[in-house]
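So the protein lines, in turn, are chains A and B. Using our numbering, the first residue of the first sequence is number 1, and each one after it goes up by one. Using our numbering, the first residue of the second sequence is number 1, and each one after it goes up by one.
Since the hints were derived computationally from the structure, they do not count as laboratory data. Treat the numbers as computed from the prediction; the structure is a model and nothing was measured. Note that beta-carbon positions come from the ideal geometry of N, C-alpha and C, so glycine has one too. All clues given are correct.
Pair ranges (Cβ atoms, derived): (1) ASN281(B) to GLU128(A): 34 to 42 Å; (2) LYS292(B) to LYS123(A): 51 to 59 Å; (3) VAL144(A) to LYS292(B): 35 to 43 Å; (4) GLN251(B) to GLY121(A): 50 to 58 Å; (5) GLU128(A) to GLU188(B): 51 to 59 Å; (6) GLU128(A) to LYS280(B): 36 to 44 Å; (7) GLY121(A) to LYS292(B): 54 to 62 Å; (8) GLU35(A) to GLN302(B): 53 to 61 Å; (9) PRO250(B) to LYS280(A): 50 to 58 Å; (10) GLU200(B) to GLY260(A): 36 to 44 Å; (11) LYS292(B) to GLU200(A): 36 to 44 Å.
Just a few of them, taken from the derived set where beta-carbon distance is under 7 Å, the chain A residues facing chain B: (12) ASP27; (13) LEU28; (14) LEU159; (15) LEU202; (16) GLU203; (17) ASN211; (18) ILE214; (19) ASP231.
As a list, the in silico DSS-like pairs of lysine-lysine whose alpha-carbon atoms are at most 30 Å apart: (20) LYS205(B) to LYS247(A); (21) LYS280(A) to LYS244(A); (22) LYS176(A) to LYS126(A); (23) LYS166(B) to LYS176(A); (24) LYS164(B) to LYS205(A); (25) LYS166(B) to LYS230(A); (26) LYS285(B) to LYS298(B); (27) LYS177(B) to LYS166(A); (28) LYS176(A) to LYS230(B); (29) LYS177(A) to LYS164(B); (30) LYS230(B) to LYS205(A).
Protein chains: 2
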Amino acid sequence: MDKISVGDTGVTAFAPATIGNISCGFDLLGMAVNEPGDYVKVNLNYDRKINIIRIDGDNGKLPLDVDKNTAGIVVKSLKKHLQKGRGLDIILKKDLPICSGMGSSAASAVAALVAANQIYGNKLTKEELIPFALQAEAKVSGSVHGDNALPCLLGGIILITNYKPKLTYVSIPAPKKVWVTLVHPDFEISTAMARGLIPETLEMKKVIRQNACIAGFVAGCYSNNLELIKDGLKDYIAEPKRSKLIKSFPQMKMAVEKIGGFNLGISGSGPSVFSFTADKNVATKVGRTIQKFFYQNKISCQIYISRINKEGAKVVKADGVNVM
Amino acid sequence: MDKISVGDTGVTAFAPATIGNISCGFDLLGMAVNEPGDYVKVNLNYDRKINIIRIDGDNGKLPLDVDKNTAGIVVKSLKKHLQKGRGLDIILKKDLPICSGMGSSAASAVAALVAANQIYGNKLTKEELIPFALQAEAKVSGSVHGDNALPCLLGGIILITNYKPKLTYVSIPAPKKVWVTLVHPDFEISTAMARGLIPETLEMKKVIRQNACIAGFVAGCYSNNLELIKDGLKDYIAEPKRSKLIKSFPQMKMAVEKIGGFNLGISGSGPSVFSFTADKNVATKVGRTIQKFFYQNKISCQIYISRINKEGAKVVKADGVNVM
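Input sequences plus hints: build the corresponding full structure.
Structural data, given as structure tokens:
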């Protein structure tokens, strides 16, 4: 945060990476991890406009145009909704890689929303901020999927129970003993392309297996039963197709499960992969194992070991004072 | 139980009716209700054989042959397993209609197992009795589906999480406030025929909806959230096809939901239908509403209003002493 925080006033918020689908809940489940995440700093300015004045960490890939960047879109909508006169200058520090399957666009939007809401007097609850985040994602990606934005904002594990006629969701208790290994390999998969791989129908046997898995996973989270969770972490919908975009995925999966990883799954639409374990050392070993496979394929990667994030996006600095 | 209990020694067990699928969990969810149920009485005899000496309430439809009746099959297997010399005389009192979708064959098997296990010295736990019940069902129906036998034996709501390589399951907390209306119309649907109606594939949109429903239902049961439960009670797999076998089903469903029933679903493979409500009076009104539709179609029916049964099959009389 050095680049942002030195000598600053304004409000800085953090929004965590999220793992969409969690293997068993395609388009329905999502969860937040403690790290990495995006930081957004907002400062009141003296014109009436929203400006994105700088983006760090995106290698110039993201638009500074407020109408094309989720961070800009949400802040503009929020300003209008709250009928505020003064504009905001936004600095975005992207620790989340783009097109990584880690909820990067949702995190920018959510961090910007939380920071802007705070500087505008904290008028809205997190629940009230949800529609702004979803609208921004829809505007950028063309479709609304809350499995990143909701856990990013609220933390924990979120189950979306309906998309229509309106979005409904429930927070599922995060199992206490779980460690999450999240590995980001340095290549991109476009969400639209990954979505195009999903078959239009599914064999009934697999439908029933998938139903059993998501139901068992949810039961395992409520009862803190790691065996049920482990058993439920299976994906008959997206993984069979999308895993082909990740070299050595089947071998990687076998190796991870052999050393105690509950699973190897694709985070969101990939290419990041994740695994649950019950032990931090095993989580680290799982990360190294995945890394080894990527290296063999000449792909560099970043490993993140984290608990499930329970609080979601939050203000981390206000007027130069850390509030973490 | 008059016909059985007068002047008797022996052991009598009760096994409850069960609702397979519970709309959102095709082949995975099942639950027990307090009534109706089957009663099985066993008496030690002086030969080495298992005999079914009488069946009441089946209108002569069920076989007295111990190798063709689930009650006989399980008791014979149990006797062999326990290496018992003395045989048993079995009297079966069927309060559950046959081919009704209420787990009739499972209830006979389970009541017989629980009674026989008791008279043979209570050597096995309920969990240990499960394989006997499943084998008997498989022998009679040609396939193993635990969604009746498991809740019948154990009570409550059961989620089957795996069929292969071995059957695994978890008990889901029964929501406290729920009343169940179960209505049996006087016609039969063969399980095999109903199974033949299930399509071989499902559209992905419906797969995702079904996943959301079963996951939301399970979350609702754990958190005692009736809105989630209500929202989850939807069936995109079997109901669209099987409901065509039940005259006026769509109209009935609409009427039931209008007066406060959470849903109208098909119990197992039908033709019995069920609904959840949060109020006993509403549960009764729901029953009357369903009855009205069946009457209009010149079909008589029986209505059962019950809580979710939490204890499953049990011994109700031993050596002339009630143990209820």
